[in-house]
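**Student:** Sequence:
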Amino acid sequence: MQTSRVSEVFKAFLLLGLTSFGGPVAHLGYFRTEFVARRKWLSESAYADLVALCQFLPGPASSQVGFALGLMRAGPWGAAMAWLAFTLPSAIVLVLFAFGAAVLDGPIASGIIHGLKVVAVAIVAHAVWGMARNLCPDNTRAGIALAAVFAVVFISGPLGQVAAIVLGGLAGLALCRGVAAAAADSEALHFPVSRQVGIIALGLFGGLLVLLPLLAGMAVWLDITDAFYRSGALVFGGGHVVLPLLEAEVVQSGWVSADEFLTGYGAAQAIPGPLFTFSAYLGALIPAGGSLLAATLALLAIFLPGFLLLVGVLPFWNRFRQWQSAQALMRGANAAVVGILGAALFDPVWTSAILGPHEFALALTGFLLLTVWKLPAWAVVIVVALGGVLIAP
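If you're matching positions, the sequence shown starts at 1 in the working numbering and goes up one per residue.
If a hint is listed, it holds; no wrong ones were tucked in.
Each pair of labels, with its calculated beta carbon distance range:
(1) R177 x L204: 31 to 37 Å
(2) A379 x L204: 36 to 42 Å
(3) R319 x G203: 17 to 23 Å
(4) S110 x R195: 54 to 60 Å
(5) A48 x V153: 32 to 38 Å
(6) Q322 x V153: 33 to 39 Å
(7) V166 x T371: 30 to 36 Å
(8) P287 x R39: 42 to 48 Å
(9) I92 x K374: 25 to 31 Å
(10) A142 x A219: 43 to 49 Å
Mimicking SDA-like on lysine to any residue, the simulated pairs with C-alpha atoms at most 25 Å apart in a straight line are:
(11) K374 x L28
(12) K374 x E34
(13) K11 x L28
(14) K374 x W129
(15) K40 x A52
Just so you know, these hints were derived from the structure itself, not from any lab.
Ideal Cβ placement from N, Cα and C applies to all residues, glycine included.
Take the sequences, apply the hints, and build the full model.
**Tutor:** Structure below.
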């Protein structure tokens with residue numbers, strides 16, 4: 001029975017991994033349709049609670065929801081198969097793209113690559129626009145988002161991201177209690193995770209976060225693990241918000257050039273599945289990393305902290321979610337995410353891709369295709385990439 005359930009989980013998530021375009025918010029919509037409405041694995045209220053938990057924790061929210069759904073349906077093997085099936089298709093495509101991008105040459109290829117960098121502006125701008133409307137619906141949370149922008153601007157690197165989230169959560173705790181929704185009568189979530197396992201997972205999360213920086217420098221594989229683990233551990237909001245953290249780790253360190261970084265980020269928009277698979281592309285480009293081995297290591301390292309935190313929190317979540325203070329804290333942290341993404345829209349996305357009026361017009365076209373004509377992200381990537389050929393010198 002358990003084996004059939006594991007197989008069921010793998011097949012369901014593989015189909016989603018091949019077809020789920022549109023980013024983390026769209027993925028959550030796909031999951032709801034498949035597992036709440038069609039398969040009825042859990043109720044609407046239970047699913048809403050699970051999404052709220054994963055949005056609150058650092059890491060890729062949609063992948064964490066998928067991991068939890070697999071865990072709930074078929075235990076640890078179900079969780080592993082849910083992640084593998086949902087992640088592998090896009091990871092394979094991006095690694096192949098990394099190997100091919102290094103040998104691309106000629107005006108047409110250069111134009112496509114430039115178009116992929118420009119489309120990143122449209123994608124991130126669209127994400128900021130949508131998240132601002134949903135997560136900053138009042139003056140208080142708009143102010144928290146603005147404060148987060150200043151925190152990121154004045155405190156560069158990953159530390160600025162963490163400071164913005166912490167300050168946003170504290171501000172939410174103080175100012176957003178009035179809008180916090182009570183969760184007392186929501187359906188409890190039940191997962192096959194004991195308190196002991198939860199405590200071990202939390203210990204591993206914290207231990208690796210402290211130990212890996214101390215071991216970095218001893219071997220390339222430890223450097224790669226440290227950089228991508230830290231990025232996965234410190235990012236709130238998942239998806240696009242990991243962009244500035246990864247940029248700080250791989251571009252500022254000299255592993256990957258800014259052009260290679262934005263080219264891969266643009267390509268990641270054209271494929272289904274989680275955006276965190278962008279890490280596999282970056283790992284494949286790291287010198288002396290062994291290419292495929294480094295890509296695999298980067299992919300595992302960036303997902304691991306989010307999953308450890310999720311497993312660690314699940315046994316305690318039902319009690320925590322009833323606290324009004326927790327609801328207020330989550331609203332402040334989510335508003336700060338909007339500010340972080342807004343800052344990333346300018347640097348490095350805008351400053352690296354928009355070199356003149358032609359690039360601006362192309363990026364604006366992509367933004368309007370997303371917001372007004374409601375085209376899927378993969379279609380906009382194709383249009384803007386081809387536009388890059390037209391504007392190429």
